[in-house]
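A.B. asks: Just need the whole structure built from these sequences, with the hints factored in.
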Amino acid sequence: MFDSLSDRLQGIFGRLRSRGRLSEKDVDAVLREVRVALLEADVNFKVAKSLVARVKDRAVGEDLSKSLDPAQQVIKIVHEELINTLGTSAVKLKMASHPPTRLLLAGLQGSGKTTTAGKLAVFMRKAGHRPLLVACDLQRPAAIEQLRTIGRQVDIPVYSIDPPGDPVQVARDALEHARNMGNDVMIVDTAGRLAIDEALMTEMAEIRQAIDPEAVLLVVDAMTGQDAVGVAEEFVTRVGVDGVILSKLDGDARGGAAISVREVTGAPIYFAGLGEKLGEFDVFHPDRMAGRILGMGDVLTLIEKAEQEFDVEQAKAMEEKIRKAAFDLEDFLGQLQKVKKMGSMTQLLGMLPGIPGIGKINADDFDEAEFGKVEAIIRSMTAEERRKPAIIKGSRRRRIAKGSGTTPADVNMLLRQFGEVQKMMKQFAGVGRKGKRRRMMMPDFPALPE
Amino acid sequence: MTELLLIAFVVVLVGMVAAIAIVGSRRRARRRGQVSRSSAPPLQAPAVPKVAPPPQSAPLAEAPPAIEPAEAPPVERVEPAEAPPVEEEISPKKRFRDRLARARGTFSSALSSMLSRKAIDEETWEDLEEALVRCDVGIDLTQQILQDLEARAKAEGVKDPDGIITLLKDELESLLAGQDRSLVANGDSLTTWLMVGVNGVGKTTTIAKLAKRNVDAGKSVVLAAGDTFRAAAAEQLQVWGERTGAEVIRGQEGADPASVVYDATDAARARHADLLIVDTAGRLHTKVNLMEELKKVRRVIEKAGGGLTETLLVIDATTGQNGLSQARQFSEAVDVTGIVLTKLDGSARGGIVVAVERELGIPVKLVGLGEGASDLMEFEPRYFVDALFE
Ligand SMILES: Nc1nc2c(ncn2[C@@H]2O[C@H](COP(=O)(O)OP(=O)(O)O)[C@@H](O)[C@H]2O)c(=O)[nH]1
Ligand SMILES: [Mg+2]
Chain C
3 MFDSLSDRLQ
13 GIFGRLRSRG
23 RLSEKDVDAV
33 LREVRVALLE
43 ADVNFKVAKS
53 LVARVKDRAV
63 GEDLSKSLDP
73 AQQVIKIVHE
83 ELINTLGTSA
93 VKLKMASHPP
103 TRLLLAGLQG
113 SGKTTTAGKL
123 AVFMRKAGHR
133 PLLVACDLQR
143 PAAIEQLRTI
153 GRQVDIPVYS
163 IDPPGDPVQV
173 ARDALEHARN
183 MGNDVMIVDT
193 AGRLAIDEAL
203 MTEMAEIRQA
213 IDPEAVLLVV
223 DAMTGQDAVG
233 VAEEFVTRVG
243 VDGVILSKLD
253 GDARGGAAIS
263 VREVTGAPIY
273 FAGLGEKLGE
283 FDVFHPDRMA
293 GRILGMGDVL
303 TLIEKAEQEF
313 DVEQAKAMEE
323 KIRKAAFDLE
333 DFLGQLQKVK
343 KMGSMTQLLG
353 MLPGIPGIGK
363 INADDFDEAE
373 FGKVEAIIRS
383 MTAEERRKPA
393 IIKGSRRRRI
403 AKGSGTTPAD
413 VNMLLRQFGE
423 VQKMMKQFAG
433 VGRKGKRRRM
443 MMPDFPALPE
Chain G
31 MTELLLIAFV
41 VVLVGMVAAI
51 AIVGSRRRAR
61 RRGQVSRSSA
71 PPLQAPAVPK
81 VAPPPQSAPL
91 AEAPPAIEPA
101 EAPPVERVEP
111 AEAPPVEEEI
121 SPKKRFRDRL
131 ARARGTFSSA
141 LSSMLSRKAI
151 DEETWEDLEE
161 ALVRCDVGID
171 LTQQILQDLE
181 ARAKAEGVKD
191 PDGIITLLKD
201 ELESLLAGQD
211 RSLVANGDSL
221 TTWLMVGVNG
231 VGKTTTIAKL
241 AKRNVDAGKS
251 VVLAAGDTFR
261 AAAAEQLQVW
271 GERTGAEVIR
281 GQEGADPASV
291 VYDATDAARA
301 RHADLLIVDT
311 AGRLHTKVNL
321 MEELKKVRRV
331 IEKAGGGLTE
341 TLLVIDATTG
351 QNGLSQARQF
361 SEAVDVTGIV
371 LTKLDGSARG
381 GIVVAVEREL
391 GIPVKLVGLG
401 EGASDLMEFE
411 PRYFVDALFE
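Taken in order, these protein sequences are the chains called C and G. Quick note, our numbering runs 2 ahead of the 1-based positions in the first sequence. Quick note, our numbering runs 30 ahead of the 1-based positions in the second sequence.
Do not take every clue at face value.
[What the hints assert, rightly or not] The list that follows gives simulated cross-link-like pairs (lysine to aspartate or glutamate, EDC-like), each with its CA atoms no further than 20 Å apart:
id, chain 1, residue 1, chain 2, residue 2
1, C, Lys78, C, Asp65
2, C, Lys48, G, Glu156
3, C, Lys48, G, Asp170
4, C, Lys48, G, Glu153
5, C, Lys279, G, Glu283
6, C, Lys51, G, Glu159
7, G, Lys333, G, Glu322
8, C, Lys48, G, Glu152
9, C, Lys279, G, Glu322
10, G, Lys326, G, Glu340
11, C, Lys27, G, Glu152
12, C, Lys51, G, Asp170
13, G, Lys317, C, Glu282
Everything labelled a hint here was simulated from the structure, so no lab data went into it. Since the model is a prediction, treat every value here as computed from it, not as a measurement.
C.D. replies: Next comes the structure, spelled out in structure tokens:
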């Protein structure tokens, strides 16, 4: 995260601070960084421009120079503007007054429509509905079979026609079928299509006409770049878009496309796809997305928790130790204790942005019990051993293993990896790549108030 | 106060990084152990693979048993089969352009406003920046490119927008120069190409395209349905196998992909096939366990004597800055030898591959220009750059 907006801004404001006031030029420099951060997160060029303009208006209005912490202030403004764009709270789909509610999925090839159709169906069933899936992707080989398989997996009926004919007709027949079978929600999967594909866009418009859906939902891959805007615009003019579903959010993409699409369509983002499994699907949370685009994770919550556990003096001492690479196992144990008090590791990981060199960590890959083992091993060491792990050899190792209920190999591995961690810390405090000094973990802190 | 807080936060983070690094690598190490254990007795007595019914179109028996005459050197550059005869007359450049022509429009606006101006000023640079960013080149690389460009323009005394654009194209082309973009194959034994990438980028379709051009060139091609995860993924490949005349080897849905790939390699060798192309399930590069699974697939191909020469990462042209992260992680896991840039027939320009080549040195080898089996072309920096600016 420190390679992100807050890092950039801390740097600038650190420099500005010493001069005491902000000129118009300073504000522009700050806004340039905001823009870069947005572009790096794949927010569309035009959209970034208008966002920055809004941020500027507010920054000038609120007079940053009077703020105690201008960097945080700017981030707060950007964060708020992002939320304003994304929608301030989660929204619910409207249901038809005369069922079935018809939901039509649209999107580019490979955006994840079919999987999303399955997820949405599962979600709807959980909400007490009786969904019907409709296979209207007659383009991609085995797309119908894919939807049928998904239907079988989650036990939700799938309407399809063999041999496949005209997707418009399939949609129309499916509507009839849903009425007869008492399905109150009908989710139509369609073929992926390029926004510039005349024939297929016309077909999409025809399907829309045929079933007059409550909502056309555009499925957008969270990894999409600048083109998200072009695509959304085309779908809006050719077919109409009533809502957006963001797919593949479980990766490490910042997801700026969400902002772009939202700004262009004006339609709410209803859901987010969070994994390959059909249950990995949730309503969309604009606030979390805003933090993610800024590379902040859910930092605010994390800071709150940190505040409860850490006192400043200790924190300063720790920071010093890390800078000098004097951080030992004793310190590590202490930190681990505190971190643990902040919540379960998996919970905390979920709030974290990607970590340099490691990337976004998938909380599911974690085993809370492993922490217990690490802790047990360190606890079985003497104070001296914790400070100087190098002295841990044969008999000490056996003793520690015995004391912690682990094996000497476990102890060894921990020691080796702690060595790596120490190396990593030296790097964090040191230089980055390509000559450009790019701090990875340790931002230059603005001078501390004495 | 917030600053103090921030420090506290950093310390927590570092503490956590430490904890994470320790715990994370412990887990990885453990998993590695498991993986090698379970693959140690590699699929004893390769059970008779579930072979799909032979394709009707191009009976395999007629295909020549080896790719090239016996004198062929052990490693050769396969000049990937040219476009099918019908389309022969159209030059590749024209074809590339035609496919892209309908996607034009959105982009040219940035440059046309620039061209309408007489001299080069601040706005010229802004327009150029916009143009590059809108192709997904990424703001970081864009700024580097423009810096170099400005210096060059000064040195060479270029003062008109037209000249600048020529220089820019030149600059981009030289960024992409000097790469070997050919697909490597073994001369006298089985060649295996492995396809990897995130979900939905076009791996399976690209395999179909590669199968078609090689079958058309008279080679016997086997496809391994290594995507055992996504519903009906094997069926999809099967359909393509039938359409292109390649044999498809598949396992059960949900089976261990490594074992399916092992069987396929074995079958391909037994049939003296020339080329085995291995499909894999789409996976996000951030999923540690799935990346481990991919490593295992790669190891199995090597162990089974597949003669792996290419590991191709498929990147979708609509991908933004995340493409870099994808390339980095996949490379680290399975040593990617080339990129296939798909869906260039849409309105997205795929500029992220410039950053990928530059940062990681992985050459883009192929370009996907549609959903049909012949919509595949060699990547040509010149056409690609032209297409960015047309
Ligand atoms: N327009 C276009 N669509 C493509 C291209 N390559 C693949 N696709 C489509 O993208 C979708 C996903 O492709 P698929 O091969 O199943 O992706 P996989 O999940 O990576 O195997 C399918 O609808 C393909 O038809 C291409 O070059 N251009
Ligand atoms: Mg596939």
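A.B. asks: For every hint, state whether the structure bears it out.
C.D. replies: Consistency of the hints with the structure:
no. : hint                : in the structure
1   : C:Lys78 / C:Asp65   : holds, 14 Å
2   : C:Lys48 / G:Glu156  : holds, 12 Å
3   : C:Lys48 / G:Asp170  : holds, 17 Å
4   : C:Lys48 / G:Glu153  : holds, 15 Å
5   : C:Lys279 / G:Glu283 : holds, 15 Å
6   : C:Lys51 / G:Glu159  : holds, 13 Å
7   : G:Lys333 / G:Glu322 : holds, 16 Å
8   : C:Lys48 / G:Glu152  : holds, 18 Å
9   : C:Lys279 / G:Glu322 : holds, 19 Å
10  : G:Lys326 / G:Glu340 : holds, 16 Å
11  : C:Lys27 / G:Glu152  : holds, 16 Å
12  : C:Lys51 / G:Asp170  : holds, 17 Å
13  : G:Lys317 / C:Glu282 : holds, 14 Å
Comparing the model with each earlier hint shows no violations; every hint is respected.
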